[in-house]
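*Asks:* Just so you know, the sequences run in chain order U and L. What the first sequence shows, in this note's numbering, is residues 1 to 248, in sequence order. What the second sequence shows, in this note's numbering, is residues 249 to 629, in sequence order.
Simulated from the structure, these hints should not be mistaken for laboratory data. Keep in mind that this is a model prediction, so the values were computed, not measured. Treat each hint with caution, since some may be false.
To be verified - Computed spacing ranges between beta-carbons, pair by pair:
| hint | chain 1 | residue 1 | chain 2 | residue 2 | range |
| --- | --- | --- | --- | --- | --- |
| 1 | U | S15 | L | K426 | 53 to 59 Å |
| 2 | U | A160 | L | E508 | 38 to 44 Å |
| 3 | U | K50 | L | M451 | 48 to 54 Å |
| 4 | U | S13 | L | M451 | 53 to 59 Å |
| 5 | L | P469 | U | V199 | 25 to 31 Å |
| 6 | U | K50 | L | F253 | 42 to 48 Å |
| 7 | L | M451 | U | L31 | 38 to 44 Å |
| 8 | U | G52 | L | A275 | 37 to 43 Å |
What the hints assert, rightly or not - Derived lysine-lysine pairs resembling DSSO-like cross-links, with alpha carbons at most 27 Å apart:
| hint | chain 1 | residue 1 | chain 2 | residue 2 |
| --- | --- | --- | --- | --- |
| 9 | L | K260 | U | K192 |
| 10 | L | K366 | L | K446 |
| 11 | L | K294 | L | K446 |
| 12 | U | K18 | L | K515 |
| 13 | L | K361 | U | K192 |
Claimed, not checked - Simulated coverage check for chain L against chain U, where a stretch passes if three residues somewhere in it have a Cβ under 8 Å from a Cβ of chain U:
| hint | segment |
| --- | --- |
| 14 | 253 to 262 |
| 15 | 618 to 626 |
For glycine and all other residues, C-beta sits at the position ideal for the given N, C-alpha and C.
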Amino acid sequence: MKFVAIIRQVPDSESRLKIDGGKVDLSGATLILDQMDEYAVEEVIRLQEKHGGESVIVALGPERFEEAVRTALAMGTDRAVHLVQEGYLDPISQAQALAEVLREEAPDVVITGGQQADWDSQALGPAVAEALGWPVVAWTTALELEDGKAKAKHDLDEGAEVVRVGLPAVFTTQQGLNEPRYPTLPGIMKAKRKELKKVPVSAASKVEVLEQTIQERTRLNKVLDGTKDPQGAASELVRLLHEEAKVI
Amino acid sequence: MPIDFSLTDEQKELQKLARRFAREQIAPVAAEYDAREEVPWQVVEKLHEVGLLNAIIPEEYGGLGLGMLEEVIIGEELAWGCMGIYTIPMASDLGITPILLAGSHEQKQRFFKRLTEKPALAAFALSEPGNGSDAAALRTRAVRDGEHYVLNGTKTWISNGGEAEVVVVFATFAPELKHKGVLALVVEKGTPGFKANKLHGKMGQRASGTYELVFEDCRVPAANLLGAEGDGFRIAMNTLNKTRIPVAAGSVGVARRALEEATKYAKEREAFGKPIAELQAIQFKLAEMSMGVETARAYTYYAAWLTDQGLPQAHAAAIAKAYASEMAFEAANQAIQIHGGYGYMHEYPVEKLLRDVKLNQIYEGTNEIQRLIIARHILSQ
């Protein structure tokens, strides 16, 4: 069997991002393998350990993605295909480019992150499935293969369901799917010798990013004095929480 | 292009791994094991699992054959998490190094296998209750008896001594020959007559196990002798000339942590209506700390590079060790000062940095001994 994890490289959640000329400046950010994709890498390794076959990493993104691809190889996957495209590409266009490679690779299972940490889209997995005409299971928390089919548990908005789905199929990850292993030192050393095929891509984005901003959190520094009129202060607090903060 | 400060992709990857490991596996448990004065064995197991333990053992003996530069990169990261916990793998490398330098192929096969096939540690036993820096004056006796040496004596301040699968013990077979009468023997865990007593009440680095080792008519196979009789002192010195460099790296890690904690606190803590980071008195301290971290790291890398090139490195290792550990002690001290009263409490991580890094000025040769080595190097030219 063949298992594919689609991965991306994103800024570490602890990185401080800056905006420069209406664009996010990544120069000072630590870039890592997207943690939601890390679950996907772990899962394809586990599936391979259990069912044999091959685990393959597929990535679409700029040259710098190679570092994240190497990390995924160091965790224990077999080889990688990196579609190299500089600049922004919307998830639907990404999915179409990825679908071409995936059709060629013909895997049984494709797994990718439930959401993408940088542009916070949840579109990539479903869009890939759509482009391939394969079924998709989103927010997967458990995955088993039996008799050529997959049994998966996945999260719904306020619950979960267990589904059976024919293969090939696409799954997106949710926290709790597994606990990703560390890339090991021997893995890092071996990763260098593993096959990493680079394919240049020049797809046109269907969406153009005009301006990026970062949400700024500011405090209003509103302090209610409860010492003189505690009841009045309490009513005022309730009013503010209800009318201004809209939390109660 | 004779000078190149860049790391290879592989080195960057292992730095990333060690950094993540320190953040996720070491830093969160550091305060707890410091308080309990216990060895976090699960961290040792995880270090083994990801390949960060005993990685200097060559590939042909089941290790990864890491060079000194790689060791130093990893050392800084692990010590950032906890210097005491980093001392566990570091002291294991200290125990491996004499075997690496002087062991025969057969000995390497025999001992290194035990250190790579499962989570296991090595140790290095030189200091004694009556002598530390004056290593040639050691009193542990080794008397040849047929195919064995009979060991009698006591070693102290031995990191990993009680956990170690193998301990390299330095003993004298002829006290009148002074340093020429020293030999190095590998003593295996469980050898009758060998007992390890854990020492309690350490100021810092409390997550690393420190032991007194007692040898009472302990019979060690002569096949465990490293090199020849009389080689022991040279083996010990050549070992320390290498392993002081990771002590410097650990110091850099502690200093970097001190700088990071102090910076974070200075940005949050307000005084006189503004964050104290805006006060020049605080800024100068942060700048000094940064100067120390950067220069100590650069010099530590240099000493590591000399080692990997096979060039003489004894003086550079001494400079790196003394400079980095003193710089780190001062950085930890200033981090406490920036934290004020909070810095003096266990709740904040900075007081532990100072307690931990004090030992870096003492072990693997006190900083006074380092200055002797440096001075001898100057005067011999």
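*Asks:* Are the hints correct? Go through all of them and say.
*Replies:* Verification of the hints:
| no. | hint | in the structure |
| --- | --- | --- |
| 1 | U:S15 x L:K426: 53 to 59 Å | holds, 58 Å |
| 2 | U:A160 x L:E508: 38 to 44 Å | holds, 40 Å |
| 3 | U:K50 x L:M451: 48 to 54 Å | holds, 50 Å |
| 4 | U:S13 x L:M451: 53 to 59 Å | violated, 36 Å |
| 5 | L:P469 x U:V199: 25 to 31 Å | violated, 60 Å |
| 6 | U:K50 x L:F253: 42 to 48 Å | holds, 45 Å |
| 7 | L:M451 x U:L31: 38 to 44 Å | holds, 40 Å |
| 8 | U:G52 x L:A275: 37 to 43 Å | holds, 38 Å |
| 9 | L:K260 x U:K192 | holds, 12 Å |
| 10 | L:K366 x L:K446 | holds, 23 Å |
| 11 | L:K294 x L:K446 | holds, 23 Å |
| 12 | U:K18 x L:K515 | holds, 18 Å |
| 13 | L:K361 x U:K192 | holds, 26 Å |
| 14 | 253 to 262 | holds (count 5) |
| 15 | 618 to 626 | violated (count 0) |
Consistency with the previously given hints fails for numbers 4, 5 and 15, ordered from lowest to highest.
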